[in-house]
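**Q** Sequence:
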Amino acid sequence: MHSSKHSSASVRHLSPHENSAARPAVRTGAVTVVVGAQWGDEGKGKWVDILAADANLVVRYQGGNNAGHTLFIDGRKFVLHQVPSGALREGQICALAAGVVINPAELVTEMQRIQAERKLGPERLWISARAHVISPWHVHLDGERENARGEAIGTTRRGIGPTYSEKAARSGIRAGNFVDRTRRMAWMEAMTKSVPQFAAHVESSREAWDKFHAAGEALAAYVCDADARIRAAVTAGESLLLEGAQGTLLDLDHGTYPYVTSSSTSAGGAVTSIGLPARRISRVVGIAKAYITRVGAGPMPSELFDGVGQGIAKRGHEFGATTGRARRCGWFDAVAMRYSMAVNGFDDLIVNKMDILTGEPEVKICVAYRHPTLGRITEFPWDASVLERCTPEFLTLPGWTETLPKHGTFADMPETARRFVAALEESSGVEISYVGTGPGRGEMLAKR
482 MHSSKHSSAS VRHLSPHENS AARPAVRTGA VTVVVGAQWG DEGKGKWVDI LAADANLVVR
542 YQGGNNAGHT LFIDGRKFVL HQVPSGALRE GQICALAAGV VINPAELVTE MQRIQAERKL
602 GPERLWISAR AHVISPWHVH LDGERENARG EAIGTTRRGI GPTYSEKAAR SGIRAGNFVD
662 RTRRMAWMEA MTKSVPQFAA HVESSREAWD KFHAAGEALA AYVCDADARI RAAVTAGESL
722 LLEGAQGTLL DLDHGTYPYV TSSSTSAGGA VTSIGLPARR ISRVVGIAKA YITRVGAGPM
782 PSELFDGVGQ GIAKRGHEFG ATTGRARRCG WFDAVAMRYS MAVNGFDDLI VNKMDILTGE
842 PEVKICVAYR HPTLGRITEF PWDASVLERC TPEFLTLPGW TETLPKHGTF ADMPETARRF
902 VAALEESSGV EISYVGTGPG RGEMLAKR
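Here the working numbering runs 481 ahead of the position in the sequence shown, where the first position is 1.
Just so you know, these hints were derived from the structure itself, not from any lab.
Misleading hints may appear alongside valid ones.
Just the calculated beta-carbon pair ranges, DEER-fashion [to be verified]:
{"#": "1", "residue 1": "Gly-572", "residue 2": "Asp-706", "range": "17 to 23 Å"}
{"#": "2", "residue 1": "Thr-859", "residue 2": "Gly-572", "range": "45 to 51 Å"}
{"#": "3", "residue 1": "Asp-555", "residue 2": "Arg-508", "range": "24 to 30 Å"}
{"#": "4", "residue 1": "Asp-555", "residue 2": "Ala-506", "range": "54 to 60 Å"}
{"#": "5", "residue 1": "Glu-912", "residue 2": "Ala-681", "range": "52 to 58 Å"}
With a Cα cut of at most 16 Å, we get these calculated EDC-like pairs of lysine to aspartate or glutamate [as the list claims (entries may be wrong)]:
{"#": "6", "residue 1": "Lys-692", "residue 2": "Glu-587"}
{"#": "7", "residue 1": "Lys-558", "residue 2": "Glu-924"}
{"#": "8", "residue 1": "Lys-600", "residue 2": "Glu-571"}
{"#": "9", "residue 1": "Lys-887", "residue 2": "Glu-591"}
{"#": "10", "residue 1": "Lys-928", "residue 2": "Glu-912"}
{"#": "11", "residue 1": "Lys-692", "residue 2": "Glu-591"}
{"#": "12", "residue 1": "Lys-928", "residue 2": "Glu-874"}
{"#": "13", "residue 1": "Lys-928", "residue 2": "Glu-906"}
{"#": "14", "residue 1": "Lys-558", "residue 2": "Glu-591"}
{"#": "15", "residue 1": "Lys-674", "residue 2": "Glu-684"}
{"#": "16", "residue 1": "Lys-928", "residue 2": "Asp-829"}
{"#": "17", "residue 1": "Lys-928", "residue 2": "Glu-896"}
{"#": "18", "residue 1": "Lys-795", "residue 2": "Glu-841"}
{"#": "19", "residue 1": "Lys-558", "residue 2": "Glu-598"}
{"#": "20", "residue 1": "Lys-887", "residue 2": "Glu-924"}
{"#": "21", "residue 1": "Lys-928", "residue 2": "Glu-907"}
{"#": "22", "residue 1": "Lys-928", "residue 2": "Asp-828"}
From the three backbone atoms N, C-alpha and C, an ideal C-beta is built for every residue, glycine too.
Kindly produce the complete structure, drawing on both the sequences and the hints.
**A** Have a look at this one:
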């Protein structure tokens, strides 16, 4: 375990624009999970970066480079896809756990970008030898399968689904084997024998495969038994921050299947990814927006199709950090949030982008659904075909025109904004501890 010699360097590194008394913190010796509470794109990266100031180790536990975490630090924008959001903290140790799928060539490129800001050597970034690797073949397959669907799911075409599929079929390649040239070439040979089109793809996409092999050499020093190191850090009483990608409603088991991602995005996914006893989790923090967004296909009952939705999308810059695709926008869905709370057991909820709703004459919360045959629904349905026929039942509240303060407490907000936050809490059944009022590290209001 390497972390003891780095502990004093990897915690409490605050920028000049941060106020340690006003921001959320990770308790000493605690294991905190940060989870997207909606359909993803809730702004988890900002809060992982903030919480990382107190953590010895930040661990990404699922997903691949289909995720994009956007951080604004001292006025500068950073977009991370595979490297955990804590990497921009000086000296912070980060890890990619077994449940992640890794695009090696893209990871090397991302690491090179970060190196310009923070040294990211093998002592600071651990890659689990058990994590599965995305090859150019998986990327090709993803596009082919999406094109062949009668109705597109909205995959990012990054090869995530096929890689998780081969993992389940026990025919994939893990990072520990990938960085071993002999074992990597043995996997290539086995694929050539078992998949008729594989050899032709290797020949026609030579540049992509050359980068794939080169990344095997570049990442060799970073690949280790990261999961054992993470468990050792927990046993040693270090503070851990576990970071998910996407959101709960895209969870493979508990999301709006089939319009979901290929991994477990909920808090439970963290313990299975790392191989960590569930009792070790100290706190689960949910991240949401003051409204709701979704990328790709699938039902979203509170979706807005009018100028209000377009205005929210424009002010909120609602475009995917990974794909650039426009996000669908809707009013906050408390039915979905109650379900997300039930699945994850949030200790508290952080609500981003309160400032984006400023200027709306009225703001709404979806508190129930109406279905043409099932009537009024207050529980989130398991069946996407039921959900897509639901219409929203709204609680309507007056909006606010005053600019929200960038720092302070809920008491500093206009009364109408405070009433909106209180209504979010009451309708969702979860306490809101902070609201985001801008993208920067220090732009937040605390409940107390």
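**Q** Please go over all the hints and tell whether each is borne out by the structure.
**A** Verification of the hints:
1. Gly-572 <-> Asp-706: 17 to 23 Å: holds, 22 Å
2. Thr-859 <-> Gly-572: 45 to 51 Å: 48 Å Cβ-Cβ, so the 45 to 51 Å window holds.
3. Asp-555 <-> Arg-508: 24 to 30 Å: holds, 26 Å
4. Asp-555 <-> Ala-506: 54 to 60 Å: Given a distance of about 20 Å, which is not inside 54 to 60 Å, the answer is violated.
5. Glu-912 <-> Ala-681: 52 to 58 Å: holds, 56 Å
6. Lys-692 <-> Glu-587: holds, 9 Å
7. Lys-558 <-> Glu-924: holds, 15 Å
8. Lys-600 <-> Glu-571: Holds, at roughly 8 Å.
9. Lys-887 <-> Glu-591: With Cα atoms ~31 Å apart, Lys-887 and Glu-591 exceed 16 Å; violated.
10. Lys-928 <-> Glu-912: Within the cut-off at roughly 9 Å; holds.
11. Lys-692 <-> Glu-591: OK: Lys-692 and Glu-591 at ~14 Å, within 16 Å.
12. Lys-928 <-> Glu-874: Not OK: Lys-928 and Glu-874 at ~28 Å, beyond 16 Å, violated.
13. Lys-928 <-> Glu-906: Within the cut-off at roughly 12 Å; holds.
14. Lys-558 <-> Glu-591: Roughly 14 Å separates the two Cα atoms, so the pair holds.
15. Lys-674 <-> Glu-684: With Cα atoms ~15 Å apart, Lys-674 and Glu-684 stay inside 16 Å; holds.
16. Lys-928 <-> Asp-829: holds, 11 Å
17. Lys-928 <-> Glu-896: Roughly 14 Å separates the two Cα atoms, so the pair holds.
18. Lys-795 <-> Glu-841: This hinted pair holds, its Cα atoms lying about 13 Å apart.
19. Lys-558 <-> Glu-598: OK: Lys-558 and Glu-598 at ~12 Å, within 16 Å.
20. Lys-887 <-> Glu-924: Cα-Cα ~5 Å, so holds.
21. Lys-928 <-> Glu-907: Holds, at roughly 15 Å.
22. Lys-928 <-> Asp-828: holds, 14 Å
The structure shown violates the earlier hints numbered 4, 9 and 12.
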